Amino acid sequence: MTAMLQLNKVSKTYGSGPAAVHALFEVDLTVERGELVAIMGPSGSGKSSLLTIAGSLEEATEGEVLVDGAALSTMSIAKRAQLRRRSIGFVFQDFNLLSGLTAAENVAMPLELDGTSSRAARIAALAALAQLGTEDCADRFPDELSGGQRQRVAIARAVVGDRGLLLADEPTGALDSVNSEGVMRLLRESCRLGAAGVVVTHEAHLASWADRVVFLRDGHLVDQTGDAPGPESLLTSGTGQPA
Amino acid sequence: MSVRHALLALLSEGPKYGLQLRHEFEARTGEVWPLNVGQVYTTLQRLERDGLIASDGPDNGPQKGYRITAPGHQELVRWLETPMDAAQPPRDELLIKVLVAVQVPGIDVAQLIQVHRRHLVQLMQRYTTVKADAAEDDVALALVVDAELFRLEAAVRWLDSAETRLRAHQPSVPTSTPTPNSVIQAVTRSARGQAVRR
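Going down the list, the protein sequences come from chains A and B.
Residue 213 is where the first sequence starts when you use my numbering, and the numbers rise one by one after that.
Residue 2 is where the second sequence starts when you use my numbering, and the numbers rise one by one after that.
Extracted from the complex, chain B is given alone in its bound form:
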């Protein structure tokens, strides 16, 4: 998440002080991403340098007020509307471990998958406890926790799927292991081929 754009969003509601911005940022991100004071003021100085916000005086203390400028509004809207970069997946440690485990003699891949599954579900239990203990109307916290839960659940579902596939097709040791990048390249080639056929 961009601290820069989060601060612009808070200022789009009206002028605020630096300390106030820090408190509201933490409250609205479910208090799971504490900011230090320096991070807030450094970002505010850069936003002001870039003309995206304006301050009400030379004093740099916590009571210095800030307001968003017209270019700041435009930048905020541009950022909100920009799709996230989902085309290039992050390097997935779990995927690589399972791909490697398939090739290592003596490794019980199903057992390995279960170790990772248990770890992920335990982590999900901890996040769910955060949500269960919070007030039901704490929407910001629920949104943050849900994002983590769905991210972790996706990994659990992938492990379930991997286990089923590996049981159905006991893999022989391939001469080369497909890597995430090689798969992406294959997908890209396939997409290009379809575009040409259209």
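If we strip away everything but chain A, and leave its shape as in the complex, we get:
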């Protein structure tokens, strides 16, 4: 089965000569459908570069990026833009909702930009909002929503239609821990429904919602967690306390 996202020896360098900044070095990463991967690392470790390259917002200096089996390097600019509209959903730290559009209009927008009729796009938007439990917010404007509701709308916009790849950059922003957990729960559930997810975070309690955690240091992928073992051993340590 084709991986939804595959990075082969991806490097990224900004600038050239003595002023060159090497953001990524020969990073290999594969994310399957149904899998949520978290990228952890300190500031400047290359997390955001990895995400923008995976989302075709930037080009790799070297190496190959494949989304659903298609190499980004062989695509025209127009084709990459189409890929972003149809197959890739982005969730940003600051929501990036358009203030002049209602929640439903924000969610429907990527579909309409891709040629879907307004009616069909609204139906899909309402379904995405309902999936995230925010259908009541459909006709309200972003400034009429709480932080948690805005972020749910942003996630609905990222998953609307048939998006196979979900990319999230510090998606919980300034939300409190319980609302942040809600966002991670939604991202995890979206992946369980068939999307592949990559979430960038520096917070371990958010990364722990992922199936796999990848550690970046100075642009190098230095380590990753194994398959998350089941919770059983935590509850049956036999010591009377959690293991």
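Keep in mind that a hint or two might mislead.
Chain B is nowhere near these chain A residues, computed Cβ spacing over 10 Å in every case [what the hints assert, rightly or not]: (1) 228; (2) 230; (3) 238; (4) 270; (5) 284; (6) 332; (7) 356.
Simulated restraints, written as ranges between beta carbons of each label pair [claimed, not checked]: (8) A/221 x B/152: 37 to 45 Å; (9) A/312 x B/116: 47 to 55 Å; (10) A/405 x B/140: 23 to 31 Å; (11) B/93 x A/291: 52 to 60 Å; (12) B/39 x A/348: 49 to 57 Å.
Selected chain A positions facing chain B (in silico; Cβ < 8 Å) [what the hints assert, rightly or not]: (13) 254; (14) 397; (15) 434; (16) 435.
Honestly, the hints are just simulated from the structure, not real lab data.
In this text, all values refer to a predicted model and were calculated from it rather than measured experimentally.
We treat Cβ as the ideally placed atom computed from N, Cα and C, and that holds for glycine.
Since chain A is already given, all that's left is putting chain B on it; use the hints.
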């Protein structure tokens, strides 16, 4: 956590049987701290001996009923309001390992830190799976799991901070390693000095 005070808290809701107390204790601690029957009844006997609870008869079986007394209520409130002892930190194995590793020739401290970081994050993934698989309204379990997650995350954050500090200031081998106790003593001296100046 004090089993003694947890049992007092359960009895503050009304009289209960011993077996009932055991089941409710486990349910409200997210079932992550199973109690054995003996532990419950031993604690109940001591509470009764101390006059903090009273029983409804001589029978010691699972159907023996218990109720909290007025001194028991007072003890429960006193315990709830007593701040936890956070002044003296527990001996931190991770801290000691990193402090020692800095001094041992040939040890890649960044790699060592990453090994511990991965272990902690994997443990956090397991706890999060417990929470993710539980019903969203299972508040008791969420509270217990969150406590473990935040404890583990604090260790991960300390490792992140340690790595950054060690990279910024490649340590020369000191003549003596500061220990947690020596740091605490320094903090205490500093606090005393500030109090005197005030």
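Hints and how they fare:
Listed as outside the interface, residue 228 of chain A is consistent with that label: its C-beta sits roughly 26 Å from the nearest C-beta of chain B, beyond the 10 Å cut-off. For residue 230 of chain A, the shortest C-beta to C-beta distance to chain B comes to about 22 Å, beyond the 10 Å cut-off, and the non-interface label holds. Even its closest Cβ contact with chain B, about 18 Å, leaves residue 238 of chain A beyond 10 Å, as expected for a residue assigned away from the interface. Its beta-carbon lying about 26 Å from the closest one in chain B, residue 270 of chain A satisfies the requirement of being farther than 10 Å from that chain.
Distance to chain B confirms residue 284 of chain A as a non-interface residue, since its nearest Cβ pair spans about 30 Å, more than 10 Å. With a least CB separation of 32 Å from chain B, residue 332 of chain A remains clear of the 10 Å interface cut-off, as annotated. Residue 356 of chain A, annotated as away from the interface, keeps every beta carbon of chain B farther than 10 Å; the closest lies near 25 Å. A C-beta distance of roughly 39 Å is found between residue 221 of chain A and residue 152 of chain B, which places it inside the suggested range of 37 to 45 Å.
For residue 312 of chain A and residue 116 of chain B, the Cβ-Cβ distance of about 51 Å falls inside the hinted range of 47 to 55 Å, so the restraint holds. Between residue 405 of chain A and residue 140 of chain B the CB atoms are about 26 Å apart, so this pair conforms to the stated range of 23 to 31 Å. Under the hint 52 to 60 Å, the C-beta atoms of residue 93 of chain B and residue 291 of chain A, about 54 Å apart, fit the expected range. Range check, residue 39 of chain B to residue 348 of chain A: about 52 Å between beta-carbon atoms, so the 49 to 57 Å window is met.
Here the hint on residue 254 of chain A is kept, as its CB sits about 6 Å from the closest CB of chain B, short of 8 Å. Checking residue 397 of chain A against chain B: minimum C-beta separation of about 7 Å stays under 8 Å; hint holds. Satisfaction of the interface hint for residue 434 of chain A is found here, the shortest Cβ-Cβ separation to chain B being roughly 6 Å, below the 8 Å cut-off. Residue-level restraint check for residue 435 of chain A holds (minimum Cβ-Cβ distance to chain B is 5 Å; threshold 8 Å).
Violated hints: none; the structure is consistent with every hint.
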